[in-house]
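2 protein chains.
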Amino acid sequence: MNTFIGVVLEGTRIVIAEITPEGNIMQSKTYLSAFFNQESALSMIVDSLHDFESSQGWKERPLAIGVGLIGRVDPVNGVWFHMDPDWSQAINFAEAISNEFHVPCFIDNDVKCGANAVRKWGYGKNTQDFIYLYVGTGIAASIVSNGVLLRGANYNAGEVGHLRVGVQVGVRCPCGRMDCVESIASMMGIDRCARFLRPYYETRLHFPDKDTMISADEVFRLARAGDPLCAKLVGNASEALANLIMNLVRVSDPDTVILGGEMVADGFLIEEIRRHLQPVTMRFVTNGVVLTKLNPRLINLLGAASIAMDGVNSK
Amino acid sequence: MNTFIGVVLEGTRIVIAEITPEGNIMQSKTYLSAFFNQESALSMIVDSLHDFESSQGWKERPLAIGVGLIGRVDPVNGVWFHMDPDWSQAINFAEAISNEFHVPCFIDNDVKCGANAVRKWGYGKNTQDFIYLYVGTGIAASIVSNGVLLRGANYNAGEVGHLRVGVQVGVRCPCGRMDCVESIASMMGIDRCARFLRPYYETRLHFPDKDTMISADEVFRLARAGDPLCAKLVGNASEALANLIMNLVRVSDPDTVILGGEMVADGFLIEEIRRHLQPVTMRFVTNGVVLTKLNPRLINLLGAASIAMDGVNSK
Chain A
1 MNTFIGVVLE
11 GTRIVIAEIT
21 PEGNIMQSKT
31 YLSAFFNQES
41 ALSMIVDSLH
51 DFESSQGWKE
61 RPLAIGVGLI
71 GRVDPVNGVW
81 FHMDPDWSQA
91 INFAEAISNE
101 FHVPCFIDND
111 VKCGANAVRK
121 WGYGKNTQDF
131 IYLYVGTGIA
141 ASIVSNGVLL
151 RGANYNAGEV
161 GHLRVGVQVG
171 VRCPCGRMDC
181 VESIASMMGI
191 DRCARFLRPY
201 YETRLHFPDK
211 DTMISADEVF
221 RLARAGDPLC
231 AKLVGNASEA
241 LANLIMNLVR
251 VSDPDTVILG
261 GEMVADGFLI
271 EEIRRHLQPV
281 TMRFVTNGVV
291 LTKLNPRLIN
301 LLGAASIAMD
311 GVNSK
Chain B
1 MNTFIGVVLE
11 GTRIVIAEIT
21 PEGNIMQSKT
31 YLSAFFNQES
41 ALSMIVDSLH
51 DFESSQGWKE
61 RPLAIGVGLI
71 GRVDPVNGVW
81 FHMDPDWSQA
91 INFAEAISNE
101 FHVPCFIDND
111 VKCGANAVRK
121 WGYGKNTQDF
131 IYLYVGTGIA
141 ASIVSNGVLL
151 RGANYNAGEV
161 GHLRVGVQVG
171 VRCPCGRMDC
181 VESIASMMGI
191 DRCARFLRPY
201 YETRLHFPDK
211 DTMISADEVF
221 RLARAGDPLC
231 AKLVGNASEA
241 LANLIMNLVR
251 VSDPDTVILG
261 GEMVADGFLI
271 EEIRRHLQPV
281 TMRFVTNGVV
291 LTKLNPRLIN
301 LLGAASIAMD
311 GVNSK
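Listed in order, the protein sequences are those of chains A and B.
Be aware that the first sequence starts at 1, since it is given in the numbering used here, and climbs by one per residue.
Be aware that the second sequence starts at 1, since it is given in the numbering used here, and climbs by one per residue.
If we strip away everything but chain A, and leave its shape as in the complex, we get (with noise of 0.2 Å):
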């Protein structure tokens, strides 16, 4: 049998899984990093290809490598352009790859990596009409109309971490803007928002040094136990997040939502969104507001996974 490597480039840390075409993981190992721009992030992926091929070698024979990094992608030509605003330097990711390796390289932006695992293994099967909303470390969607996944002038579309919803905590965010939906509802707003109102609130919650995230998990676990602060921050991150869904409703008219993301994994925020949700602006979401049946965590890998896949099969 043959298989594919998935590669996700996280905030932290890089997940490496050798992957099935049913969309299998047959074995995956996890690597810490911390990566200063797109050269240095690219030569800690080798890295740790290399180390996972000598460390557990393959299940199988690996048929090509598809990769999901943070920010701007060009798909068709595997140019990585930019990481963040600040750091911006072109460059040849997927071909270095397939030149290191000797097998096809295949790279995405990471979200739209997921919404190609919705589409192969997932509700995106049976829609022409959806958006994939990932909410994990940062927020960002992949908005497919008519079929086709939106990818904008300058391959930054869905990049809706960064839209104002209506909810203010009164917290920046790192773009320069003021309550981004981001800086609320994700695992680093989670984090932000927790210091930034713990003056203000009772908590039993556990503030480890700035170097070390809050646990998503523990807020959820202390706010369905009623503490204050935990009970404000998940209050603000489902408002938050509701609005956003609502906003994007609007923009693209979807008949489902799908979610994806270590926030959303163990099924409680969504019950919280869910509440916020006004019948009006929701009434054309046929299919509503769902929890992706594929592994949130671990979607954007499969998706990785799947445009390896693709990639092969449309040569």
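These aren't lab readings, by the way, just hints derived from the structure by calculation.
Same chains, same names: a pair is fine if it fits in one copy or spans any two.
In silico lysine to any residue, SDA-like type, Cα no more than 25 Å apart, as pairs:
1. K125 to N154
2. K210 to R13
3. K232 to R172
4. K315 to I91
5. K210 to V169
6. K125 to N146
7. K232 to V169
Position chain B against the provided structure of chain A, taking the given hints into account.
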């Protein structure tokens, strides 16, 4: 020479014009109207067209009629689905008009007509990724991505007047949500906010009775003169529109944002909007936020004629 008839149905009026293939308006007439459902709107449009023909006559031989309608329209089958969430009765609008006047009739949503005019005669000629944002009685957008106009699963894409964008006044939108951008930054919104905020700010603004809309032109004039209420209204509206634009830029990543509609027609508001735009968010909008060179007050009417032209040419 042949001509085309453009018709737009707006909240309180019907405008009819005879337009050349180059987009010149040879003659036009405005009919004040009130209608309660789609059947009555159809019958008013039929009556108005008959009046136009008998009172003015056509300058040339009209080849087709194009009608821009409020709400959800299926342009392929000529079906008008609904004008309002509460009034929904799909009718075969195009067929009814073409049977009555013995020329082909084509229909679309009014703001989607406007985007077609932008592509045919305006800035849209040079870009595959743009947003046409209409700010008039209400607010809506046409989003073109990779050359394709977004329509959505139910012909409802682009109803962006109902986005929440982070400006909070405390007004309830007819849709049921608080502080939708349309309730703050459209002609309707200016009227609503002026009445709502009147007790809190000094002003020399004239308040007509509730059946007559407050003049946005007067609000702009007084704001420039330092009137406290009007300055607040313009400040809220321009910040809300800037936030709406930045939200939409994050969703679809256009290279151009084109404004049209009565609210932006005199060029004042766009300057105020630009002050609130943040460079990081706008960095890929390389052609900027521009006022349409087509008449901003008549752009949807031009668009109605333009869909008639395209309809005839594609047959």
